[in-house]
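Undergrad: As a plain string of letters, each chain reads:
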Amino acid sequence: MKHTISYSISPGEMCLTLVSMIIGVGILTLPRVLATELGLADGWISILLASGIIMSLVALYVKLQQQFPGETLLQYIAGGKVGKWFAPVLALLFLVYFLCLMGYEVRILTSLMRMYILDQTPSEVIAALMLFITTYAVSKGVQGIVHLSLMFLPIVVFVLLGLISFTSINSDMTNLLPVMPEGIFPILLTMKVTLFSFLGLEILFFLMGYMKKSDLKVFPLMAGIMLIMFLYLLVTIISYANFSVDTTTQITFPTVELAKQIEIPGGFFERLESLLITVWIMTIFNTISISQLIFIQLLEKHFVKKEAFTTYLPAISIFFIFIVAFIPHSITETFQFGEWIGWLGLALYLVSLGCGYLFFFSRRRKTGKVGKGVSYES
Amino acid sequence: MYRKLLKKKRDTIQPLKTNAIDSSDLVDLTKLVKDYIGESSDIVQHDMVIAGLIKATLFYVSGLSDRDLLDNSVIKPIMQISQREVANLSHEELIKKLSQEVINLSSVQSIKSLEQSVHLLMTGDSLLIVDGVDKVIILGTKGYEKRGIEEPKSEVVIRGPRDGFIEDIQTNIVLLRRRIADPNFIIQTGEIGQRAKIKYSIGYIKGLVTEELVNEVRYRISCIKTDEVLETGTLEQLIEDNVLSPFPQLMHTERPDKTTAALMNGKVIILIDGTPYSLITPTTFEQLLKSPEDYYDRWHIGTLIRLIRYLAAFFALFLPSLYIAMVTYHHGMIPTTLALSIAGTREGVPFPAFLEAFLMEITIELLREAGIRLPRAIGQTIGIVGGLVIGDAAVRAGFVSPVMVIVVAITAVASFAIPSYSFSIALRMLRFSFMIAASMFGLYGIVISYITINVHLVGLRSFGSYYTSPFAPFRYKDWLDLVFRAPLSQQRTRTNEPGTLDDIKQN
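Residue numbers (my numbering), protein chains in the order written: chain A, 70 to 447; chain B, 127 to 633.
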């Protein structure tokens, strides 16, 4: 029937999917990473600047995507003579990136679980369970994955905001002062950390191909980035205000520790960090399932053309993710691994965006200015 | 392949040599009909002579046809007709005279198909065979015993109409027609079941419902090839989208007002003769938590009740598993004093929390099942005896802790607060898997199960509609009628699932 024949992602859905992809484990560690890098309380300025940059990057891509509605970026690149050879290279890089990202998320999830919820269960079991359900989710296709983001994101944001509103009672805002004691330069240096925490943007290259031309708008995505920025700012500022910058550097997951501080009047529940983590499993699930879907689609489109093999791809992907997840030996190594993934992701985003524009301009020159699909409407 | 092997020749259906009636001789025709019907003794053959000239035979099924009607409107006028009136009439004129002037019935028709006429005989009509006429006159004399309209037992409301559907499809259609005087309200009737040939009706409102939906419903029903479909539940299983899903994909109701509301939202309803339920399709998750009463009370009350219902659904699904997870794995989440008192009550209980919860849950399911089967008065007693006596005795004997009894009792009560019975069963089933997950992986297990159910739900369709709408294809307008039930003056559009041709409900 009509829904099952063609599904297109609506702008609002795209926005929320983007948000649930980006808010992965980053938000749990962001205050600490920022505090360690900077040593000052100015991390929030860095977040503001980074989200500005991210917004412009997103806007740039949406403008590009408007030129080839209904196609993913890689499909567009693969459409030309040079691009035909270039697209698989990009696809391979993206495969590596998403594989590492999923491994990283799974690993952080197991550490979180071991630390706060299940201290006896082996990490491997926790990881395997998560990967099984993400694989099940992937079987529901793009529509299923997008709708799952819609189902979970409101719960996650609601719980996070609720918890933060309880903590803010015993916070000390003077911890945030002074503002910019060493000028803007050190803040700019920490931008890489904040930019990394916005990674996940790459899904736009793949998912925006499922949108209608009239839906390719910049504003909803901007709103999504704003929401993320707001959450990041809130978490960072409140953890600084609660723990002071120096203490924050010592805490592995400051956001989770924030929840630990809460005392609900009446004392009906204690240790609400379990609640936060429980809910956070859903975002981690979202991030992994979106990545896995794109991972499998990339494989299907560029490398594994045989129908007989494609049915096994989800199962095979579990195997590789599982291995990647347990490559780092310790939590410190995992964070180091995370930073590499950040560099890779950022580089990939810029390279693909650049390539996209390059191919677009070169093709437009060939076909003349009034080539097909060249119309700026938003 | 297997089907071919298993297929056996059936010889009980009597093969008909000719379907059309080709003889005009009374004896031949009567024999034909009698051969076809077989030797049932409830089929009455009544021979008579019209005006002392023409022989005729009347067939009817005793009990299915209205005897008074037959006596007064058919037999009496035919007997009293004078010789002068029928003399010198051709066959065509005789039939015309009989059906237009003599017989006092609103439905008289003459047909040539034997199979059709016997089928009509089986549904309560009478057959009149007249010597010399090669047609059968069908007399609409349906009249059989039926239950009066009563208050629906399974869906009780405090404020709202008290009438419910009954087993007779005609009455049910009337109940709907009385509420919708719109000529666009279409009822289309057909038959399902190759042997039983049970009447069913599809109802929808033209101009609201999309053509695709009606076609899909028609297509799925016409695909059914089975002996009989006795209940909407049987039909539901034959036409639903996903057979493996624990969630009901069609809603059934005994209430005409609920059915009318569904029609007004651009849905298709299915009625079956012989059951007091109507099927509503498509159905989404949130509709299973709605009751017609939400709209009859003012919006504050409606909103509060909805909130309580969602809470009930949450408890019915999660409460035992949360208890197991907290007691087994996450002692820290419970405040210290409470944790101490729970530990105190669990002292001496020989079972782990999971087994304790499982035993109690099974006990309560047993009690519930027993309570349904027993006569109403005894059923209530069993409920009290089971709930109070067994619970108390179990605690005193040290089998279970009192907290566990509280948890199980709240869960049971919560599952009764859900308006849709089939949805409540789905939650009951899933509760056990949640309990197993919680006993193995604590909170993590619960979340994983929750995510799994969500993955299943986003993939589920009911006749092409997203099951999780308006949560998952996010429809902000439908949120006015979700947990929060906005004042009716604010609900200006119809719900988004299914799509309708005319979205505006009020201006």
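Hints were generated in silico from the structure; no laboratory data involved. One should not assume that every hint holds.
Reference listing, derived: stretches of chain B covered by chain A, where coverage requires no fewer than 3 residues with Cβ under 8 angstroms from a Cβ of chain A [what the hints assert, rightly or not]:
1. 445-459
2. 585-594
3. 598-605
For glycine and all other residues, C-beta sits at the position ideal for the given N, C-alpha and C.
Undergrad: Now, for every hint given, state plainly whether the structure supports it.
TA: Quick rundown of the hints versus the structure:
Against chain A, the region 445-459 of chain B contributes 4 residues with a C-beta closer than 8 angstroms to a partner C-beta. That satisfies the three-residue criterion, and the hint holds. Counting residues of the region 585-594 of chain B whose C-beta lies closer than 8 angstroms to any C-beta of chain A gives 7; at least three are required, and the coverage claim holds. With a threshold of 8 angstroms between beta carbons, the proposed coverage of the region 598-605 of chain B by chain A holds, since 3 of its residues qualify and at least three are required.
In the structure shown, no violation is registered for any of the earlier numbered hints.
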